[in-house]
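Protein sequence lines correspond, in order, to chains A and B.
One point on numbering: in UniProt numbering, the residue at position 102 of the first sequence is 102, and numbering is uninterrupted.
One point on numbering: in UniProt numbering, the residue at position 59 of the second sequence is 59, and numbering is uninterrupted.
Just so you know, these hints were derived from the structure itself, not from any lab.
Be careful, since some hints might not be right.
Chain B regions said to be covered by chain A (calculated; three or more residues, Cβ under 8 angstroms) [to be verified]:
| id | segment |
| --- | --- |
| 1 | 8 to 18 |
| 2 | 32 to 42 |
| 3 | 59 to 69 |
Capping the alpha-carbon separation at 27 angstroms, the derived lysine-lysine pairs in BS3-like fashion look like this [unchecked claim]:
| id | chain 1 | residue 1 | chain 2 | residue 2 |
| --- | --- | --- | --- | --- |
| 4 | B | K157 | B | K7 |
| 5 | A | K121 | B | K142 |
| 6 | B | K14 | B | K142 |
| 7 | A | K121 | B | K70 |
| 8 | B | K72 | A | K120 |
| 9 | B | K72 | A | K55 |
| 10 | A | K120 | B | K70 |
| 11 | A | K55 | A | K120 |
| 12 | A | K121 | A | K110 |
| 13 | B | K157 | A | K202 |
| 14 | B | K118 | A | K195 |
| 15 | A | K202 | A | K258 |
| 16 | A | K74 | A | K55 |
| 17 | B | K157 | A | K120 |
| 18 | A | K202 | B | K118 |
| 19 | A | K202 | B | K153 |
The C-beta atom is built at its ideal place from N, Cα and C for all residues, glycine as well.
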Amino acid sequence: MAEHNSNKQNDQEYLSAMPNQEFDQAVTTMQNNIQTEIAASSALVGRKEEISRLKAEYSDDDSPYQQKIKELCKLYSHVRKTRGDGNCFFRAFGFGYLEVMLHNKKDYSKFQENANGTFKKLMSLNYPAFTVEDFFENFMSLVNSIGEKTTLEELTQSFVDEGLSNYFVVYLRLIASCQLQIDADFYQNFIDSGKSVVEFCKTEVEPMYQESDHIHIIALTSALGASVRVAYMDRGGEQLIFHDFPEDCEPTLHLLYKPGHYDILYPR
Amino acid sequence: MVGSALKRLMAEYKQLSLNPPEGIVAGPINEENFFEWEAMILGPEDTPFEGGVFRTTLNFPTDYPMSPPKMKFVSEMFHPNIYPDGRVCISILHSPGDDPMGYETSAERWSPVQSIEKILLSVMSMLAEPNPESGANVDASKMWRDNQEQFIKHAEKLVRKSLDLPENL
């Protein structure tokens, strides 16, 4: 830890001593280095682990977290981690949903149909067919494979492959963006940064590595007719807080949110 | 990762060869390596750069199109949005968050649905309409703002240079 701090200080001194243009370049390089470090230490989608393993991630006397983990252990048996690269919500959703669909044929056909309809919607918003098609085809081939004889292992292979996995995430981001724009009047109320819905989509939804908020989850689940429960675990309050998207749904997929990050949960 | 980048770059090359946008020729320098491209850009009509043929290189990351390429002018340039070493400073070459020049939020950013064609067209319009607010070359920004006549003269010299013509007749 001490070493980490002194590095940080050196970085700051190093940065403040340079002219502006070089500063920007250095910040970018530093961010890239951090990303590379994260990439080296965690898989895009990890193994299914016993939920109780979360206990070891916090010190024993960290009672707000230990209390909430106890609560989690009663409801969930396993957790699957995703890489913290800003895409974690989309990646956790993509993998988690398809994993459930492997054994849920009824919901699957509805999901597949909704997924199929998204390309036309994007075209109606004048997105460039040439580039969008590439992402759509990759996306549908993975979605369609769930209806065929894909195994969990094959699905995992696709999601740990950086190329395939990121292509899938790009398209999920486009689906969310498309939904936000189609229902712009509704979603504008949730954007408090003063950006228009289109600006918000271009800067905070479509680009990779941008983190997700409630608004992304609402848009994505509503576009795909999906239902998700998120368990929020942070230092505030005594108990876990749950949010269902859409409200009052019977959730198909469960996610765990810790400040800044989403993982997949498996109910008991 | 490299596989999907390569597939996409090949598709873009094919598209650019079949339907080249006016004033632009682009492709890999060497077909053995699709991650290094060269693009020739024609100076847009009715601008100080009219008639020039400017050589640029594009360097693609292995996670393209998740991240944008880096673009550089090889031909000598003097322009508010081109660094003295040739690097191009334009919002579409940056992801949001990666925010060097403090572009306006409405400025077009890199996202995976953008394309090489879109970048090159943006660079062409940047040649036509410099943005002195995001000054990569302070001297050029100043001259563009304070002494357009001199800027135009300078640009005309660069046009002749780009065509391998002597600087003065």
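Consistency of the hints with the structure:
1. Requiring three or more residues with a Cβ within less than 8 angstroms of a Cβ of chain A, the coverage given for the segment 8 to 18 of chain B holds, as 3 such residues are present.
2. Only residues whose beta carbon comes within less than 8 angstroms of a beta carbon in chain A count, and the segment 32 to 42 of chain B has 0; fewer than three means the coverage is violated.
3. For the segment 59 to 69 of chain B, the stated coverage by chain A is satisfied: 4 residues place a CB nearer than 8 angstroms to a CB of that chain, which reaches the threshold of 3.
4. Proposed proximity of K157 (chain B) and K7 (chain B) is contradicted: the alpha carbons are some 40 angstroms apart, above 27 angstroms.
5. Under the criterion of a C-alpha separation no larger than 27 angstroms, the hint pairing K121 (chain A) with K142 (chain B) is inconsistent with the structure, at around 46 angstroms.
6. For the suggested pair K14 (chain B) and K142 (chain B), the alpha carbons sit about 40 angstroms apart, so the restraint of at most 27 angstroms is broken.
7. As the CA atoms of K121 (chain A) and K70 (chain B) are separated by approximately 32 angstroms, the hinted pair breaks the 27 angstroms bound.
8. With a CA separation close to 37 angstroms, the supplied pair K72 (chain B) and K120 (chain A) exceeds the 27 angstroms bound.
9. Note on K72 (chain B) and K55 (chain A): the hinted pairing is violated, with a Cα-Cα distance of about 51 angstroms set against a maximum of 27 angstroms.
10. Simply put, K120 (chain A) and K70 (chain B) have alpha-carbon atoms about 32 angstroms apart, too far for the 27 angstroms limit, and the pair is violated.
11. The straight-line distance between the Cα atoms of K55 (chain A) and K120 (chain A) is roughly 46 angstroms, outside the 27 angstroms bound, and the hint therefore fails.
12. Between K121 (chain A) and K110 (chain A) the CA atoms are separated by roughly 17 angstroms; this keeps the pair inside 27 angstroms, and the hint holds.
13. Pair hint K157 (chain B) plus K202 (chain A) does not hold up; C-alpha atoms about 39 angstroms apart against a cutoff of 27 angstroms.
14. Taking the CA atoms of K118 (chain B) and K195 (chain A), the gap is near 24 angstroms; set against the 27 angstroms cutoff, the hint holds.
15. Taking the CA atoms of K202 (chain A) and K258 (chain A), the gap is about 26 angstroms. The hint holds against a cut of 27 angstroms.
16. At roughly 13 angstroms between alpha-carbon atoms, K74 (chain A) and K55 (chain A) fall within 27 angstroms of each other, so this suggested pair holds.
17. Of the pairs offered as hints, the one joining K157 (chain B) and K120 (chain A) is violated, with about 49 angstroms between alpha carbons and a cut-off of 27 angstroms exceeded.
18. Distance check on the hinted pair: K202 (chain A) and K118 (chain B) sit about 15 angstroms apart at the alpha-carbon level, within 27 angstroms; holds.
19. Taking the CA atoms of K202 (chain A) and K153 (chain B), the gap is about 38 angstroms. The hint is violated against a cut of 27 angstroms.
When the structure is compared with the earlier hints, violations turn up for hints 2, 4, 5, 6, 7, 8, 9, 10, 11, 13, 17, 19 and for no others.
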